[in-house]
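S.K.: Use these hints to put chain B onto chain A, whose structure you have.
Line order of the protein sequences matches chains A and B. Heads up: the first sequence is residues 1 to 116, going by the working numbering. Heads up: the second sequence is residues 1 to 114, going by the working numbering.
Hints were generated in silico from the structure; no laboratory data involved. Careful, some of the hints might be misleading.
[As the list claims (entries may be wrong)] With a Cα cut of at most 20 Å, we get these calculated SDA-like pairs of lysine to any residue:
no. : chain 1 : residue 1 : chain 2 : residue 2
1   : A       : 18        : A       : 112
2   : B       : 101       : B       : 26
3   : A       : 36        : B       : 87
4   : B       : 101       : A       : 61
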Amino acid sequence: ETGVTQTPRHLVMGMTNKKSLKCEQHLGHNAMYWYKQSAKKPLELMFVYSLEERVENNSVPSRFSPECPNSSHLFLHLHTLQPEDSALYLCASSQDSVWREKNTQYFGPGTRLTVL
Amino acid sequence: AQSVAQPEDQVNVAEGNPLTVKCTYSVSGNPYLFWYVQYPNRGLQFLLKYITGDNLVKGSYGFEAEFNKSQTSFHLKKPSALVSDSALYFCAVRDMRNTDKLIFGTGTRLQVFP
Chain A
1 ETGVTQTPRH LVMGMTNKKS LKCEQHLGHN AMYWYKQSAK KPLELMFVYS LEERVENNSV
61 PSRFSPECPN SSHLFLHLHT LQPEDSALYL CASSQDSVWR EKNTQYFGPG TRLTVL
Chain B
1 AQSVAQPEDQ VNVAEGNPLT VKCTYSVSGN PYLFWYVQYP NRGLQFLLKY ITGDNLVKGS
61 YGFEAEFNKS QTSFHLKKPS ALVSDSALYF CAVRDMRNTD KLIFGTGTRL QVFP
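Next up, chain A with everything else stripped away, as it sits in the complex (with noise of 0.2 Å):
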């Protein structure tokens, strides 16, 4: 166990369908990450929290909002997705330090997510 845990595992839904997906780091860091992860492309990073903060959002959909009430809690919500959003969704937490391009990111085990 990296010390990142994410529910559910694995979640189906309907393009007309709400979910939220849930990480929680028990790490006490204080940066978390949301990644896709589809078949043969690589990870693509979607949203950056610092300090409770978002400081980055890459370019991802509005059908995609995060929210991160605080350092250990991140939630990834979901409504009216497409089809090509079925992926693999990987959250991961850093420690933010003065030396942050030195920080190690630790991930949790992903939801499988399959849009119907």
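M.R.: The following block gives chain B in isolation, referenced to the frame of chain A:
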């Protein structure tokens, strides 16, 4: 542009033989390089990283990687492969223009045969 290349989609090796998974990078400035492993139905697990210092970096599960600045490479190695090493391996480099951002390669599937 910052980028990472993993030229092999799959690497096959017999158990007990040495293994190498290749990675080359392109960044401006000094690179910070990482290797992660992903087992089936799991997230990415951190293996090792190079920040500065000794070019040979040792990591988890007996893996090591060698930073070669002249060849802009950071190949992952293990002297003796195990069947349990079979997984998907990702190389990543820190984007120095945005220190929050890791740039990942497309991954290399390692298959170790008994």
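S.K.: Quick one, are residue 18(A) and residue 112(A) close enough, alpha carbons at most 20 Å?
M.R.: Given pair residue 18(A), residue 112(A) holds - Cα atoms ~16 Å apart, limit 20 Å.
S.K.: For residue 101(B) and residue 61(A), compute the direct alpha-carbon distance and say whether it is at most 20 Å.
M.R.: Given that 20 Å is the threshold and the Cα spacing comes to 19 Å, the pair holds.
S.K.: Does the structure keep residue 101(B) and residue 26(B) at a Cα separation of 20 Å or less?
M.R.: Answer holds: residue 101(B) to residue 26(B) is near 15 Å, not above 20 Å.
S.K.: Does residue 36(A) pair with residue 87(B) here, judged by a C-alpha cut-off of 20 Å?
M.R.: 19 Å, holds
Consistency with the previously given hints is maintained throughout, with no hint failing.
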